[in-house]
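Could you build the full structure based on these sequences and the hints that come with them?
2 protein chains.
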Amino acid sequence: MKIVILAGGVGGAKFVDGAVRVLPAEDVTIIVNTGDDFELFGLYIAPDLDTVCYTLAGIASAETGWGRKDESWNALKNATALGGPGWFNVGDKDLGTHLERTRRLQQGDTLTAVTQAFCKAWGIKSHVFPMSDTRVSTFVKVKDGSSLPFQSYFVEQQCRPVVSGFEFHGIEQAKSAPGILDAIERCDYVIFAPSNPWVSIGPILAIKDIANAITKKKVAAISPIVGGKAIKGPAAKMYQELGIEPSAYSIARHYQGMIQGLVIDQIDTTLAEKIEACGIIPYVTDTIMSDINARQRLADEVMKFSLKLP
Amino acid sequence: MKIVILAGGVGGAKFVDGAVRVLPAEDVTIIVNTGDDFELFGLYIAPDLDTVCYTLAGIASAETGWGRKDESWNALKNATALGGPGWFNVGDKDLGTHLERTRRLQQGDTLTAVTQAFCKAWGIKSHVFPMSDTRVSTFVKVKDGSSLPFQSYFVEQQCRPVVSGFEFHGIEQAKSAPGILDAIERCDYVIFAPSNPWVSIGPILAIKDIANAITKKKVAAISPIVGGKAIKGPAAKMYQELGIEPSAYSIARHYQGMIQGLVIDQIDTTLAEKIEACGIIPYVTDTIMSDINARQRLADEVMKFSLKLP
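Protein sequence lines, in the order shown, are assigned to chains A and B. For this note's numbering, count along the first sequence from 1 and bump the result up by 865. For this note's numbering, count along the second sequence from 1 and bump the result up by 865.
No wet-lab data here; the hints were simulated from the structure. Remember, it's a predicted structure, so these values are computed and weren't measured experimentally. Ideal Cβ placement from N, Cα and C applies to all residues, glycine included. Heads up, a few of these hints could be off.
Claimed, not checked - Lysine-lysine pairs mimicking DSS-like chemistry, simulated, CA-CA at most 30 Å apart:
#, chain 1, residue 1, chain 2, residue 2
1, B, 1097, A, 934
2, B, 1094, A, 942
3, A, 990, A, 1139
4, A, 985, B, 942
5, B, 1094, B, 1006
6, A, 985, A, 1040
7, B, 1073, B, 985
8, A, 942, B, 867
9, B, 934, A, 934
10, B, 990, B, 1083
11, A, 942, B, 942
12, B, 1102, B, 867
13, B, 942, A, 990
14, A, 1040, A, 1006
15, A, 985, A, 1139
16, A, 867, A, 1083
17, B, 985, A, 942
18, B, 1081, B, 1169
19, A, 1169, A, 1094
20, A, 1081, A, 1139
21, A, 1097, A, 942
22, A, 1173, A, 990
Said to hold, decoys possible - Per label pair, the in silico range of CB-to-CB distance:
#, chain 1, residue 1, chain 2, residue 2, range
23, B, 1165, A, 985, 25 to 35 Å
24, A, 1035, B, 973, 20 to 30 Å
25, A, 934, B, 1102, 41 to 51 Å
26, A, 935, B, 951, 17 to 27 Å
27, B, 934, A, 1006, 40 to 50 Å
Pasting the structure below:
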C-alpha cells in the first residue's frame, strides 16, 4: 500500500504524523505547500515544510504546532532590539534550519534536494516533497483591491483583512518537484489533509501536472471545517468573506470533481446527505486530532475509507 | 581634544574601550577594518566591527574577546546537524546582529548607516565607522601559490598555512566611508591600535584617501608585538613567514614614514634606541591590557604621549 498526502501546515502535519504510525513511513509520500514560503532577514523560510518535518521528526513544539520544542529566542530578540522586524516568530533552533537551507539554495541545490537531506538528518523515513522547486508565492487579494504576500496577511496582519481572492505568483511556470508525479502514479490513493483548501491545498492543485496526475487516482479529503469553523487558521473566515457559508458541505463543493470521498466530523453528520448528492461519498467520524492516538486513529479510518472508494 | 583610532578586532577593541574611559566618547572616532567581512549562510558578517561595538557596548564575551556574553548556540548547532559549516562560531545573540545587518544592507542601507544605527541602539556614543562602504576583502597568499579568503585562513585553517603576502580585493575602488575624512581632518592626532599591521591596520591604510588624510596628522602606534610575540592572533607568525623577525622594532619599520611615535612594552625596552634611530619616538610602558583598569591606563598614557608628538 502506497499513499500520497497533500498537506499544508499544522493540520496537515498532524494528519501525516498519524499516517506514518499506520503505514510504514517509506510508503507515505507527502506533497507540501510552498506557496507560503518567503524571505526574512535574507533567509529562505518554508513554514509548511518545516512544520511537517518538525512534526514527523518529533521535534515540533507541542504547544504551538509550529516551530521547535525547547526553543530559545535570542537571535530574533537581538535583531528586533536593533530595529528588525519581529512579526514572524523565528526561534534559534528553527533559525538553524533556515540558515542551512538558505546556504544550500544559494549554492544551487534545489528545494527538493535540501528537503531530502534534512529529512535524512532528522531521521524522517517518509518521502516529503515541496510541491515545486519553482518559486510559487501565494498572495491574498483583499477588499481594498490590493494584494498581500501570504505571510503579511497571515502573520503580520493576523488574517484581519477581508479576503476577495487569491493569486499564486509564478504558478504558470511551476512544475511539480521531481519525484512527485512518480509517487502519484504509483500510489493506491491520494488524501487531501485537513488543511486550508484556499491557501494550503489550493496552491498544490494549481500546479497543472500535479492536478492532472491526481485525476487518475482515487482521492479522499478530510474536511478542515468542523461545525462551521476551522480547527485552526482562517479557512472559515475566508469562506465567509468570499460569500460561501463555511461548512463541510462547502469543502465538498470546493473539491467536487476532484475527490471521490470526504471525511467529515461527527458534528456535521447532518451534512452527509447533501455531500452525497454532490457525488461524493461521505465518511463521518471524530476528526479532532487532540493527541497522538487521535491522529493515528483518524489516519487509520481515512485510509480504510480511501481504499474502498470506487 | 578629538582623536581617531584605527582598529581591528580584539586588541583594537580593548584599546578603544580604554580610550572612551579617558576622553568623552563623543570625541573618539574609530575606523574599523572590514577586510575580514564575509558571508556565511547568506548573512553578512563583520567580525571586527562587531568585536569593537560589542566591547564598547559592554556586551562582549569577556572569555573570548569576540562574540556576545551570556550567549547560546542553538542556531549553529542545528545548522551543523543538518550538514552546515561549523568552522565559524556564531552564537544566537550574535546572529541577531548579522540578521538585521543583512536585512538592512539588502534593502540598500550602507554599512556606515547600519553601523551608526546599531551603535545608537547599543548606546555607543563614540563614532564607529567601517573603513569603507565599498567591499574590500582581505586574502592571504600562501606558500603553495594560492590565495585564501581571510576567514578561511584565520578561523577555518587556524592560521596554519605559511603566509607569503596579502591581497585586498576591491581596494582600488574603495573610498573611505563618509565621515571618516572629516573626522581625521578635525582630530588632534591619530592612533593605530595594537592590532595586526598586515591584516587589521593594513587594509585601512590601503584605502588611499584615508592614508593621505593621515599623513597630515600626528600619528602614534601601539606595538601589537610584545617580547617577539603577538598578544593574540598570527601577527608574529606572519612576520616570521615573511622573513622578518617579529619585534616591536619590526613594527617601527612597518609604519616608518607614517608614524611619529611608537608605544612599546616594557619588556622591549632595549629596542627603544633602534626605534629612535628610525626617526620614531619610542614610549615604553606596560602595554598588556589584562583588565579594564589596564585598558584605561594604557589609553591615558598613549594619549598624553601622542599629544606631545612633534
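Which numbered hints turn out to be false for this structure?
Violated hints (numbers, rising): 1, 2, 3, 8, 12, 15, 23; every other hint is consistent with the structure.
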